[in-house]
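Throw the hints in and build the complete structure from the sequences for me.
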Amino acid sequence: MSKILRILIPLILIAGLGGAAWWYYRPSSGNDALTLYGNVDLRQASLAFNGSERIAEVLAEEGDVVGKGQVLARLDTSRLAPQVQQAEATVAAQQAALLQLKNGSRPEEIAQARANLASAQADALNAKAQFERQSVLTANATASKQDLDTARAAAAVANAKVDVAQSALALAIAGPRVEEISQSEAQLRGSEAQLALMRQQLADAQLFAPFDGVVRSRLMEPGEIAAPGKPVFSLATRGTKWVRAYVSETNLGHLRPGMRARITTDSFPDQPLDGWVGFISPVAEFTPKAVETTDLRTSLVYEVRVFVEDRKDVLRLGMPATVQLLPEAAPHAAAPETDTKP
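According to our numbering, the sequence shown holds residues 731 to 1072 in order.
One or more of the hints may lead you astray.
Claimed, not checked - Capping the alpha-carbon separation at 20 Å, the derived lysine to aspartate or glutamate pairs in EDC-like fashion look like this:
id, residue 1, residue 2
1, LYS1042, ASP1004
2, LYS832, GLU910
3, LYS891, GLU910
4, LYS960, GLU783
5, LYS832, GLU915
6, LYS858, ASP893
7, LYS1042, GLU915
Stated by the list, open to error - Just the calculated beta-carbon pair ranges, DEER-fashion:
id, residue 1, residue 2, range
8, PHE998, ILE955, 39 to 45 Å
9, LEU932, GLU954, 18 to 24 Å
10, ARG1046, GLU954, 54 to 60 Å
Hints were generated in silico from the structure; no laboratory data involved.
Cβ atoms here follow ideal geometry from the backbone N, Cα and C, with glycine treated the same way.
Next up, the structure:
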């Protein structure tokens, strides 16, 4: 009996080891669920002002739910507002000057130029008559040669004034030159551009939420000096969420974009969420520290993003999650935000 036991026991051990080896190394049937482990991720944005000025108001706190376009903070505009008013006044003055050039001379101005010309012509006729009388008197030795020279000069001055009046009338009738109008238009465009810049700077004194989200961090307070490179808030979107997981090369062939998934968390183990594979990295990387499976710790893995339909907004950034992928499941029919970026 003891000889039989000595023979059977090794045979039983060998058979047990062989069965265990077969079970461990057996080929997959293709119907087993592939389980991945990862963490919840979502889109975030660091919000900063475009200008450098002292912060006047901060209107949101950590954890506040904000809507797209909501004002989150304001800068002090006590110095910027007068500059905008000055630029508006400059534009108004240049618009009036340009309109004056385009309208040309008024009828009253042309009439005044005609009257000045008539007056100059009358003076010229009188000066001519005086010169002629002085010429006769000088010839009869009744007047001096100096009186004749004075009359001659007065006649020349009167004729010159007639020429000036005629030129003034011609300019009044012709109106401004095309080059003057073009110059005024260019100056007006420059002032309008400066005004637009000042108004944009005034609008940038308010910090708006770029999307619906949740305030994660409030990084600056009233009284601090804002700058384009200094974020005031960190905002997380409430829309697209995904689980960032990693898969080994041996299981990579079982994944495809659009494959449905079931996501569970430690907080809600009995409330699985629906999801789908939205991104599979084409490049391998070393196993990150966040990977929780022991067989992947020394392997090269591929990043996978499994998008989640979190209608109740229960997932939080960094929350550990378990993803179950069923190879036979149908691809996700409508993936409006399938992400192809790493």
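Is it true that the C-beta distance of ARG1046 to GLU954 lies inside 54 to 60 Å, as the hint says? About 29 Å separates the Cβ atoms of ARG1046 and GLU954, which means 54 to 60 Å is violated.
Would the hint linking LYS1042 and ASP1004 be met if the CA-CA limit is 20 Å? holds, 12 Å
Take a quick look at whether LYS858 and ASP893 sit within 20 Å of each other, Cα to Cα. Satisfied, since the Cα-Cα distance of roughly 15 Å is no more than 20 Å.
Would the hint linking LYS832 and GLU910 be met if the CA-CA limit is 20 Å? Answer holds: LYS832 to GLU910 is near 10 Å, not above 20 Å.
Does the alpha-carbon distance linking LYS891 and GLU910 stay inside the 20 Å limit? Cα-Cα ~26 Å, so violated.
Quick check: does the Cβ-Cβ distance between PHE998 and ILE955 fall within 39 to 45 Å? This hint holds: roughly 44 Å between Cβ atoms.
Is LYS960 within 20 Å of GLU783, Cα to Cα? holds, 12 Å
With 18 to 24 Å as the target window, see if LEU932 and GLU954 comply at their CB atoms. holds, 20 Å
LYS1042 and GLU915: Cα distance at most 20 Å? violated, 58 Å
Taking only the CA atoms, is the gap from LYS832 to GLU915 under or equal to 20 Å? Given that 20 Å is the threshold and the Cα spacing comes to 10 Å, the pair holds.
Of the hints listed earlier, those the structure fails to meet are numbers 3, 7, 10, in rising order.
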